[in-house]
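S.K.: The primary structure of each chain is shown beneath.
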Amino acid sequence: MSEARIVIVGAGPAGVRAAEALVNHGLAPIVIDEAPAAGGQIYRRPPAGFARPARVLYGFEAAKAQRLHAAFEALRPRLDYRPDTLAWNVSEGSLWTQRSGTIERIPFDRLILCTGAMDRVIPLPGWTLPGAFTLGGAQVALKAQGCAVGRRTVFFGTGPLLYLVAHQIAAAGATVAAVLDTSRARDSWHALAGLVAVPTTALKGAWYQLDLVLRRTPWHRGIRPLAVMGRDRVEGVRFRDANGTEREIACDAVAFGYGLKPETQLAELAGAAFAYDGAGLWLPRVDPAGRLAPNVYAAGDGCGILGADAAELAGRRAGLAVAADLGRTVPPREIAGIERRRSAIRAFRAGLEVAFPTPTELAATLPDATILCRCEGATVGALRTVANHKDAGEINQAKALCRVGMGRCQGRVCGFAACQVLAAARGVSVEAVGRLRAQAPVKPLPLAARLP
Amino acid sequence: MTGTMATDVCIIGGGIAGCSAALHLAKRGISVVLLEKGRIGAQASGVNFGGVRRQGRHLAEIPLALRGRPMWDRMVDLVGEDCEFRATGHLRLARDPADMAALETYARDAGALGLDLELIGGNELRRRFPWLSEVPVGASWCPGDGQANPRVVGPAFGRAARAAGADLREGEEAATFERDGKGFRIATTSGLAITSRALVNTAGAWAGRVAGHFDEPVPIHSIAPQMVVTEPSPHVIGPVLGIVGGALYLRQIERGNVIFGGGDGLADIATTRSTVLPRNTVEVGALACRLIPHLARLNVIRVWTGIEGEMADVIPVIGPSRTTPGLFHAFGFSGHGFQLGPIVGVILAELIADGTTPSPIAPFDIGRFVG
Ligand SMILES: Cc1cc2nc3c(=O)[nH]c(=O)nc-3n(C[C@H](O)[C@H](O)[C@H](O)COP(=O)(O)OP(=O)(O)OC[C@H]3O[C@@H](n4cnc5c(N)ncnc54)[C@H](O)[C@@H]3O)c2cc1C
Ligand SMILES: Cc1cc2nc3c(=O)[nH]c(=O)nc-3n(C[C@H](O)[C@H](O)[C@H](O)COP(=O)(O)OP(=O)(O)OC[C@H]3O[C@@H](n4cnc5c(N)ncnc54)[C@H](O)[C@@H]3O)c2cc1C
Chain E
1 MSEARIVIVG AGPAGVRAAE ALVNHGLAPI VIDEAPAAGG QIYRRPPAGF
51 ARPARVLYGF EAAKAQRLHA AFEALRPRLD YRPDTLAWNV SEGSLWTQRS
101 GTIERIPFDR LILCTGAMDR VIPLPGWTLP GAFTLGGAQV ALKAQGCAVG
151 RRTVFFGTGP LLYLVAHQIA AAGATVAAVL DTSRARDSWH ALAGLVAVPT
201 TALKGAWYQL DLVLRRTPWH RGIRPLAVMG RDRVEGVRFR DANGTEREIA
251 CDAVAFGYGL KPETQLAELA GAAFAYDGAG LWLPRVDPAG RLAPNVYAAG
301 DGCGILGADA AELAGRRAGL AVAADLGRTV PPREIAGIER RRSAIRAFRA
351 GLEVAFPTPT ELAATLPDAT ILCRCEGATV GALRTVANHK DAGEINQAKA
401 LCRVGMGRCQ GRVCGFAACQ VLAAARGVSV EAVGRLRAQA PVKPLPLAAR
451 LP
Chain R
1 MTGTMATDVC IIGGGIAGCS AALHLAKRGI SVVLLEKGRI GAQASGVNFG
51 GVRRQGRHLA EIPLALRGRP MWDRMVDLVG EDCEFRATGH LRLARDPADM
101 AALETYARDA GALGLDLELI GGNELRRRFP WLSEVPVGAS WCPGDGQANP
151 RVVGPAFGRA ARAAGADLRE GEEAATFERD GKGFRIATTS GLAITSRALV
201 NTAGAWAGRV AGHFDEPVPI HSIAPQMVVT EPSPHVIGPV LGIVGGALYL
251 RQIERGNVIF GGGDGLADIA TTRSTVLPRN TVEVGALACR LIPHLARLNV
301 IRVWTGIEGE MADVIPVIGP SRTTPGLFHA FGFSGHGFQL GPIVGVILAE
351 LIADGTTPSP IAPFDIGRFV G
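Respectively, the protein sequence lines represent chains E and R.
The opening residue of the first sequence carries number 1 in this note's numbering; numbering runs sequentially from there.
The opening residue of the second sequence carries number 1 in this note's numbering; numbering runs sequentially from there.
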């Protein structure tokens, strides 16, 4: 019997643990990742030559990062690992990849998508100025290149990453000019019941906040950001504080974000069904084991934001599901253990949603002149115009008429906010305006790339 | 929606052909209900390449294409916006002497019908279009052809038709068709019933089903032409490009994105789904780079396809039914009905209101498939 061909996309926490589960069952998957090294977003490794200790790079998560990297290194001899390789399409039972100008079609028996997440962005006047970064972008600069995005950086938005990245930038020696959180202190109290489900993680979050206080960093909660200011680059941030007073803080960089959104394009091309999560995101439907479509599985933040620990568990669970579906014996006890730990994390995540609610009303109230889709330079007003005067009630229809989400990133950045703007303009629910449909390539593909 | 509505004309299909028919009928004061199973202009009419060309067409289509051409200049008057129509010219390339001979023959025949084409040799071609490689040996140039934005054309015709009084219903799929002495009775899957004196079949790739309800089987099948768009780059490619044999068609929009097509994906009219085959994308990309070398620096940002009805003889069916008085067809545009869409609506309105049209539509008679 020739061995089943199993392909994993993503070598983050989910992908590494999926590979490990397969290898433990005597299977040898192909692992594809567009990054030059394994680790995923959270445990991203610096390029060769940037030797900095794990403690500095990963903070509290250093031990976990090292464990994941070590686990992957141990698996390497049993894997066909392909770094620097973009998976750009799923079609005809095959994954299509591109590396250094060469396209390959990889037929698979099983495919596990561990594609992770990206920043959830809500535009603001001035958000496209040089010096404005997403929280993830600021962190990547720090992890991959060891540099802070500015000398004086204002952090705004909400979610755990807001505090984590602010802390990391401060620890790297740059000034955090302020942390401006759209969520209110009382949201955290309401969330307490969920957060105690994973007390160590909750304590880490509390430490980042305490660290802000100790460093005497200006910290406001319950704010509403109004604009990133500056002529040719970022010079400050204007916001309204919880008392309704408008304020400005000078800075030379901003980092902002409102939590994460899953990377679901490959799942969609693989035939996933999607369900609305009630809070602005459409998530691919998977069963508890990660089954997404015939012979296709998914795990980790790509199925819904649950964090790195949950991603490791889900990856393992999906790996075991593939092994079981290929006729290997998987002890039920092992599955039960994974499920117990996952449900604790789910309770914690539900708590985070309460603690850092996404300010969905923010996009809906943006001024008309605000750039919504930076790839195409399309404004909030342009979208409202087609909504109101061209009867576009669905997001793909609106995109066709005003180019929002039609550019290089295909709406990965602006899609979330665009749906909020459209729904508000039409006076309907966000769910009712639908979801930007994905098409290949999931990221830009060189026209010069060739099949061998 | 449920209930029964009475109207003069019921139109099945809200693509460019159906919407233009609705507009031109409504302008004559004729009452119209148009049923569209999805959204207006979202099928072939909304996702096509956007070429508005006359050259290269089957000679039988030339008179219609010529008559329809001025409508594109008058889009603002007709539907309230220019639909990004630009008369950039259309350049049809030859890759070898046999291709060039085919262009010469075509230029002579089309010229006799009133379409003037200029034949250009290799050196002159590269002088005028210096971004072309050495591969083309010559070309045929049609200065009055051009391009428009398909995504906005169908919806614009739809809005104009509504403004003129037509009743366009989205999300209404015509499912049952009856005809009695007085006229037609159409019912949709959601339970809406329409009674009408005349019925128009502009159901695109699905039109064979409608015709089948009236015992008028036609040799139509579905095709899925594949499209590619790149990231923007400086705007240097003015005209729309085609190539003898049709393996590639390409244009650059003013924003700088290069759009091109070639090859066929998979089309399924049962699910209204079409699928791009990645291999075609890569191969047509390679051909584009061979003809225009600087494209090799660009990235593809999206591919797509759509569902189009193609007739066995690759020209459409336009005209009255041969089995059913009061039924009119316009479908099977075989990959080139975008430019014709507006004028086809005019012709349908003429056939229904005047009982005749000045356009020579005999070659498109549905009767040609009988016997
Ligand atoms: C920018 C960013 C920074 C973050 N920082 C932190 C943090 O500091 N602390 C924290 O607790 N959480 C952080 N998170 C969240 C954390 O990354 C996730 O919870 C966790 O990494 C999820 O693991 P995963 O395996 O599901 O996905 P990821 O770790 O995101 O791994 C996905 C992998 O898939 C690869 N990939 C995706 N699509 C393709 C494709 N088409 N072709 C090839 N490869 C592909 C990516 O390169 C990546 O390596 C961050 C998230 C982001 C987006
Ligand atoms: C990818 C692609 C590229 C193309 N490029 C070009 C080009 O460059 N130049 C050119 O001239 N042409 C081109 N074409 C062809 C051109 O797009 C079509 O010929 C033209 O749009 C056909 O218009 P239509 O109105 O007949 O059909 P459609 O736009 O397909 O409209 C038919 C409508 O009927 C509806 N319908 C079907 N059955 C029912 C029912 N039972 N009840 C209710 N509604 C129904 C469908 O939902 C559909 O909206 C291309 C086509 C494709 C797909």
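For the record, the hints were derived by calculation from the structure and aren't laboratory data.
It is possible that part of the hints are untrue.
[Unchecked claim] Using C-beta positions, here's what the derived DEER-type ranges look like: (1) R:Val314 / E:Val428: 56 to 66 Å; (2) R:Met1 / E:Asp109: 28 to 38 Å; (3) R:Val314 / E:Arg342: 54 to 64 Å; (4) R:Arg255 / E:Glu431: 28 to 38 Å; (5) R:Thr105 / E:Glu431: 54 to 64 Å; (6) R:Asp268 / E:Asp109: 23 to 33 Å; (7) E:Asp109 / R:Gly246: 51 to 61 Å; (8) R:Gly246 / E:Glu104: 24 to 34 Å; (9) R:Pro293 / E:Asp80: 29 to 39 Å; (10) E:Asp109 / R:Gly111: 19 to 29 Å.
[Unchecked claim] Chain R is faced by these chain E residues, among others (derived, beta-carbon under 10 Å): (11) Trp96; (12) Phe108; (13) Pro367; (14) Thr370; (15) Arg374; (16) Cys375; (17) Ala392; (18) Ala432; (19) Ala440; (20) Ala449; (21) Leu451.
Even for Gly, the Cβ is constructed at its ideal location relative to N, Cα and C.
S.K.: Compare the structure with each hint and give your call.
M.R.: Hints and how they fare:
1. R:Val314 / E:Val428: 56 to 66 Å: 43 Å, violated
2. R:Met1 / E:Asp109: 28 to 38 Å: Because 47 Å falls outside the window, the suggested range is violated.
3. R:Val314 / E:Arg342: 54 to 64 Å: Between valine 314 (chain R) and arginine 342 (chain E), where Cβ atoms are some 57 Å apart, the hint holds.
4. R:Arg255 / E:Glu431: 28 to 38 Å: About 31 Å separates the Cβ atoms of arginine 255 (chain R) and glutamate 431 (chain E), which means 28 to 38 Å holds.
5. R:Thr105 / E:Glu431: 54 to 64 Å: 57 Å, holds
6. R:Asp268 / E:Asp109: 23 to 33 Å: Holds: the Cβ-Cβ distance is about 25 Å, inside 23 to 33 Å.
7. E:Asp109 / R:Gly246: 51 to 61 Å: 38 Å, violated
8. R:Gly246 / E:Glu104: 24 to 34 Å: Check passed, 29 Å falls within 24 to 34 Å.
9. R:Pro293 / E:Asp80: 29 to 39 Å: 35 Å, holds
10. E:Asp109 / R:Gly111: 19 to 29 Å: 59 Å, violated
11. Trp96: Check passed: Cβ of tryptophan 96 (chain E) comes within 5 Å of chain R, closer than 10 Å.
12. Phe108: Since the shortest Cβ distance to chain R is 14 Å, the answer is violated.
13. Pro367: 24 Å, violated
14. Thr370: 20 Å, violated
15. Arg374: Given a least distance of 13 Å, the restraint on arginine 374 (chain E) is violated.
16. Cys375: 8 Å, holds
17. Ala392: 8 Å, holds
18. Ala432: For alanine 432 (chain E), the interface hint is violated, since the closest Cβ of chain R sits about 13 Å away, which is over 10 Å.
19. Ala440: For alanine 440 (chain E), the interface hint holds, since the closest Cβ of chain R sits about 5 Å away, which is under 10 Å.
20. Ala449: Holds. Min distance 7 Å.
21. Leu451: 6 Å, holds
The structure is inconsistent with the numbered hints 1, 2, 7, 10, 12, 13, 14, 15, 18, although it conforms to all the rest.
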